[in-house]
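In case you want the letters, here they are:
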Amino acid sequence: GAVVSQHPSRVICKSGTSVKIECRSLDFQATTMFWYRQFPKQSLMLMATSNEGSKATYEQGVEKDKFLINHASLTLSTLTVTSAHPEDSSFYICSARGARTEAFFGQGTRLTVV
Amino acid sequence: LAKTTQPISMDSYEGQEVNITCSHNNIATNDYITWYQQFPSQGPRFIIQGYKTKVTNEVASLFIPADRKSSTLSLPRVSLSDTAVYYCLVGASNYGQNFVFGPGTRLSVLP
Numbered sequence: 001g002a003v004v005s006q007h008p009s010r011v012i013c014k015s016g017t018s019v020k021i022e023c024r025s026l027d028f029q030a031t032t033m034f035w036y037r038q039f040p041k042q043s044l045m046l047m048a049t050s051n052e053g054s055k056a057t058y059e060q061g062v063e064k065d066k067f068l069i070n071h072a073s074l075t076l077s078t079l080t081v082t083s084a085h086p087e088d089s090s091f092y093i094c095s096a097r098g099a100r101t102e103a104f105f106g107q108g109t110r111l112t113v114v
Numbered sequence: 115l116a117k118t119t120q121p122i123s124m125d126s127y128e129g130q131e132v133n134i135t136c137s138h139n140n141i142a143t144n145d146y147i148t149w150y151q152q153f154p155s156q157g158p159r160f161i162i163q164g165y166k167t168k169v170t171n172e173v174a175s176l177f178i179p180a181d182r183k184s185s186t187l188s189l190p191r192v193s194l195s196d197t198a199v200y201y202c203l204v205g206a207s208n209y210g211q212n213f214v215f216g217p218g219t220r221l222s223v224l225p
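Going down the list, the protein sequences come from chains A and B.
Heads up, the final residue of the first sequence is numbered 114 in our numbering, and it's a clean run with no missing numbers.
Heads up, the final residue of the second sequence is numbered 225 in our numbering, and it's a clean run with no missing numbers.
Among the hints, erroneous ones may be present.
[To be verified] DSS-like, lysine-lysine: derived pairs with alpha carbons at most 30 Å apart:
no.: 1; chain 1: A; residue 1: K20; chain 2: A; residue 2: K41
no.: 2; chain 1: B; residue 1: K183; chain 2: A; residue 2: K20
no.: 3; chain 1: A; residue 1: K41; chain 2: A; residue 2: K66
no.: 4; chain 1: A; residue 1: K55; chain 2: B; residue 2: K166
no.: 5; chain 1: B; residue 1: K117; chain 2: B; residue 2: K166
no.: 6; chain 1: B; residue 1: K166; chain 2: A; residue 2: K64
no.: 7; chain 1: A; residue 1: K66; chain 2: A; residue 2: K20
no.: 8; chain 1: B; residue 1: K117; chain 2: A; residue 2: K66
no.: 9; chain 1: A; residue 1: K41; chain 2: B; residue 2: K117
no.: 10; chain 1: A; residue 1: K14; chain 2: A; residue 2: K66
no.: 11; chain 1: A; residue 1: K64; chain 2: A; residue 2: K20
[Stated by the list, open to error] Just some of the chain A residues that point at chain B, by a computed CB distance under 10 Å:
no.: 12; residue: L26
no.: 13; residue: F34
no.: 14; residue: Y36
no.: 15; residue: P40
no.: 16; residue: L46
no.: 17; residue: I93
no.: 18; residue: Q107
Source of the hints: derived by calculation from the structure; they are not laboratory data.
Every value quoted in this text rests on a predicted model; they were computed, and no experiment measured them.
Glycine residues also receive a C-beta, built at the ideal position from the N, C-alpha and C atoms.
Could you put together the complete structure from these sequences and hints?
Printed below as a string of structure tokens:
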């Protein structure tokens, strides 16, 4: 299957700082990228969907000013958690979809805010 | 978006065939059915996708009846390493449609 690389795999940051997570499609062009967060023992919760060159569409209850998503190219999307707080600690996962109908997922990023 | 319903958990033994059924009563005409596997602290891994009838690949089979209101993921001869959460997703293939995850099925394979 296609490869989606997510970086970093884990990050610890201080409360009030911002953290950027990158998601790259390595061997295909991703017209659509999705960002999820997942709490322990729970399912993935869709945060936002972004199409290349367009503004991201956020799910209800997700603050667009706190979770900044940029999808500037067909192979890269970034999620920036601004002014992170301990309650933002979670497992963040990106996925990408191109011409094929299935989406492929990154390895996930474990964010811990202290 | 079509909502999906799966069993919350299943137990099996090594070497057995496991069938996980997903209900999606309001599936739309252009919706595909996709199954993913997730291990702890990893992103989901694509298993199989289908639209109708039967699809088979090197790891699983997907059975979809004519009315497409349900689907069954079949894992032949499971091993301990197949212990994971399995998600059934239903969504359209056209540009801009998103994938929403249900609670998934936690499969435990016992020795």
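Tested hints:
no.: 1; hint: A:K20 to A:K41; verdict: holds (25 Å)
no.: 2; hint: B:K183 to A:K20; verdict: violated (40 Å)
no.: 3; hint: A:K41 to A:K66; verdict: holds (24 Å)
no.: 4; hint: A:K55 to B:K166; verdict: violated (34 Å)
no.: 5; hint: B:K117 to B:K166; verdict: holds (18 Å)
no.: 6; hint: B:K166 to A:K64; verdict: violated (38 Å)
no.: 7; hint: A:K66 to A:K20; verdict: holds (12 Å)
no.: 8; hint: B:K117 to A:K66; verdict: holds (28 Å)
no.: 9; hint: A:K41 to B:K117; verdict: holds (20 Å)
no.: 10; hint: A:K14 to A:K66; verdict: holds (16 Å)
no.: 11; hint: A:K64 to A:K20; verdict: holds (14 Å)
no.: 12; hint: L26; verdict: violated (14 Å)
no.: 13; hint: F34; verdict: holds (6 Å)
no.: 14; hint: Y36; verdict: holds (7 Å)
no.: 15; hint: P40; verdict: holds (9 Å)
no.: 16; hint: L46; verdict: holds (6 Å)
no.: 17; hint: I93; verdict: holds (5 Å)
no.: 18; hint: Q107; verdict: holds (5 Å)
Hints 2, 4, 6, 12, counting from the list given before, are not met by this structure.
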